[in-house]
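A.B. asks: Given next are the chains, with one letter for each unit.
Protein chains: 2
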Amino acid sequence: MSTDAAGPQRHRVVIVGGGFGGMLCAKGLKKSPVDVTLIDRRNFHLFQPLLYQVATGGLSPANIASPLRSIFKKQRNCRILMAEVSAFDLDTKEVVTADGRRIPFDSLVVATGSTHHYFGKDAQYEPLAPGLKTIEDATEIRRKVLGAFERAEKEPDPAARRRQLTFVVVGGGPTGVEMAGSIAELAHQTMRQDFRSIDPASARIILVENSDRILQTFAEKLSGKALKALQALGVEPWLGCKVTDIRPDGVTIDRGGVVEPVPCETVVWAAGVKASPLGAKLKEALPAVELDRGGRPTVTPDCHLPGRPDVFVVGDLASHKGADGKPLPGVAPVAMQQGEYVADVIDRRVRGLSSRDGFRYWDKGSMATIGRNRAVAETGKLKLSGFVAWLAWLFIHILYLARFENRVMVMWQWFFNYVTRNRSARLITNAREDRA
Amino acid sequence: MSTDAAGPQRHRVVIVGGGFGGMLCAKGLKKSPVDVTLIDRRNFHLFQPLLYQVATGGLSPANIASPLRSIFKKQRNCRILMAEVSAFDLDTKEVVTADGRRIPFDSLVVATGSTHHYFGKDAQYEPLAPGLKTIEDATEIRRKVLGAFERAEKEPDPAARRRQLTFVVVGGGPTGVEMAGSIAELAHQTMRQDFRSIDPASARIILVENSDRILQTFAEKLSGKALKALQALGVEPWLGCKVTDIRPDGVTIDRGGVVEPVPCETVVWAAGVKASPLGAKLKEALPAVELDRGGRPTVTPDCHLPGRPDVFVVGDLASHKGADGKPLPGVAPVAMQQGEYVADVIDRRVRGLSSRDGFRYWDKGSMATIGRNRAVAETGKLKLSGFVAWLAWLFIHILYLARFENRVMVMWQWFFNYVTRNRSARLITNAREDRA
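Keeping their order, the protein sequence lines are chains A and B.
Here the first sequence stands for residues 10 to 445, where the numbers follow my numbering.
Here the second sequence stands for residues 10 to 445, where the numbers follow my numbering.
So here's chain A without its partners, still in its complex pose (with noise of 0.2 Å):
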């Protein structure tokens, strides 16, 4: 690593995570008298908003993901670890990771997200019915959501076809929203030609929400029109409703009262995150800690915790009391700022220069895209939907992608995409077990 021939050793900043939050607060040290090792359980970046277009066949994993090595190729002051951290011994200040090493830190930032929330239901859920928060992920129910169309278009029996084409997304925030709604493109336009025996227009896409509208979030107008977009997809909304179960051949719910069993194959779960099991790794290390129902650590104003101003938590797995009281939500735009703000906090600390207030969120807006040219986006008191909000969407998210060089990627894709409304990397590929 890069110390003085003579010199003393550098502050050494151990951020675990090579998401949103992590990745920023390693580039935020680019200029800064620090080391910086990066760990991450893969070895490459991933947009996880773009992950449902993965999940149906409108993007290739490349095209929104980036090794970590290249986007730090030039950072000399940054080395790329690819491990998984099992542990932390916050006495002795390291990091350890499941092949048995130990990495001494100075400052240590944790930012490893969140993974699903099955309430409690994770060993029969799971299997059934996958989240949406990796690359895997998105395989997975890309295989699950183009298989279920081939087994239909061979299947004899109308029942078993009725299910196989039938769609369950649970949940009705943005991750829901946009995969239901880019299932029903999918069905109802992109493959319409594509079969002889089924009519794919003929397939269910059944949105379950529990509270009385989507979005819940955005404001009240936003998920009206929202709601109108997605039917017109051919979405069916099932608004103040619960999945009560899901089995290999139907889901149940619970609709107001009514139990009502819904046969189908292929079910997508959006419907709660938790945080990553390193928070509660954090607790063992240090009994203080305070852990939310999600397990998310609590974190000061500064992002870290208390009574330990060295160790950082950043991102969906942090707790961080925003300005109106409420924890901040666990999207991209606050684990961005935070890592930025954290690398900030870090650089003034080791040039002994004054330290800066609190982290605040400056709350850019929300968007959610439904289809392929309809979304809704509000910023302030500005609000925004159908296709201009489309373009909007579009623009940030290539903005965003442009600084780890998958714009250009990404541009002809969706141009290509938009164009002959086609899905060009619709492809069934096999788990490895059923290598063939």
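Among the clues, some could well be false.
If chains are identical, the list can't say which one is meant, so a pair holds when it fits in one copy or spans any two.
Within a straight-line C-alpha distance of at most 25 Å, the following computed DMTMM-like cross-link-like pairs (lysine to aspartate or glutamate) qualify [said to hold, decoys possible]:
{"hint": "1", "residue 1": "Lys39", "residue 2": "Glu229"}
{"hint": "2", "residue 1": "Lys163", "residue 2": "Asp115"}
{"hint": "3", "residue 1": "Lys82", "residue 2": "Glu159"}
{"hint": "4", "residue 1": "Lys142", "residue 2": "Asp258"}
{"hint": "5", "residue 1": "Lys36", "residue 2": "Glu159"}
{"hint": "6", "residue 1": "Lys153", "residue 2": "Glu93"}
No lab work stands behind these hints, which were simulated from the structure alone.
With chain A's structure known, arrange chain B on it following the hints.
C.D. replies: What follows is chain B alone, placed relative to chain A:
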């Protein structure tokens, strides 16, 4: 399917295999008064010659694969069935699939290609030395190659590190040459600055070839140029050598009588192919079928089984005597031309037109790339090497892919790679069981 309201059933052509042979046969029947059923285990057509690019992260799977349903969307007389064929009943003239369906045919075209030949050591070699025939082969090799560098970066023991940074490619034909050149380029150029503990340029890439020269089927002069180009990339060609054992921690190589153990973790098998198992299934259905040493059914000059003018075999699976009495090679242009030939034969028969002469292969030449901007190519007496040959190779491949929509995507990805010397599809993705 498309039949006249009151007319007789149309001639049913069943094609097994959506590769070069099967797909061009189906396309060739576009205007024919027949009903085509194209069966494949996968939902896409795969452009195999570019698999080595996926295996080293230069292209994504979706760049070289096209969903069959997309390709045939507008061909109304063709339907796609995603199924695995398990047997043939040539008495009742039916194809039997693994899920128990029986699909009747009037003409049958079997085009299921070839698979890896481990010369009797399948059980031992296959898990350790993947070949390069499927998407999953390519992503597994990618996982191993990229993973090796990641592990070496963390590895304190120098002997283990040396082992992780040693790559052995078995087989000096085009596939082996392209793989070896590609890995060498990845290690010695693309990833040169990406690591902090190891120097990827120190990686050893050994290409093991039985005979005294690589690219045996090319002119001697071109083999020599290819050898030099490989060496310039840092590949060590071991000619006149034979792999005698493969174990998890290394291979054993017989170097002209001297047995040398080579510790390594990554082995790629490009040393031989044999017929798909459906060759043997054809013999089961019709004992008079003769299989050659590689399991390929012998066919008449018209590409059908002796005594069965309604059952055709094309492509890598077929053993067809060329003009010089030797079986035609298992290369893409042979499969493509045979596929188109058989479509014409069937069409003439159905229309009651005169039959045509036996199949004649038009050998337009061969090409192989070495690294990012070198290749060797020969056509007739014309021999090209170096950058000019590489341009020709690029042009021919893009022309082919152009037919199937991928052209724009592939062009951009290559252009981008070439300009930035990057490999944008360098992701280590997990197989299903280690989803995390």
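A.B. asks: For Lys36 vs Glu159, is the C-alpha pair at or below 25 Å within one copy, between two copies, both, or neither?
C.D. replies: Cα proximity of Lys36 and Glu159: across copies only (21 Å, versus 45 Å in one copy).
A.B. asks: At most 25 Å between CA atoms: does that hold for Lys153 and Glu93 within a copy, between copies, both, or neither?
C.D. replies: Intra 28 Å, inter 18 Å, cutoff 25 Å: inter-copy only.
A.B. asks: How would you label the pair Lys39, Glu229 (within, between, both, or neither) given a Cα cut-off of 25 Å?
C.D. replies: Cα proximity of Lys39 and Glu229: none, with 42 Å in one copy and 52 Å across.
A.B. asks: What label fits Lys142 with Asp258 when the C-alpha limit is 25 Å: within, between, both, or neither?
C.D. replies: within (24 Å within a copy, 34 Å between copies)
A.B. asks: With 25 Å as the alpha-carbon cut-off, assign the pair Lys163 and Asp115 to within, between, both or neither.
C.D. replies: Between copies only: 20 Å across chains, 61 Å inside a chain, cut-off 25 Å.
A.B. asks: Have a look at Lys82 and Glu159 and pick one of within, between, both or neither, based on CA distance no larger than 25 Å.
C.D. replies: between (43 Å within a copy, 14 Å between copies)
This entry does not satisfy hint 1, going by the numbered hints stated previously; all others are met.
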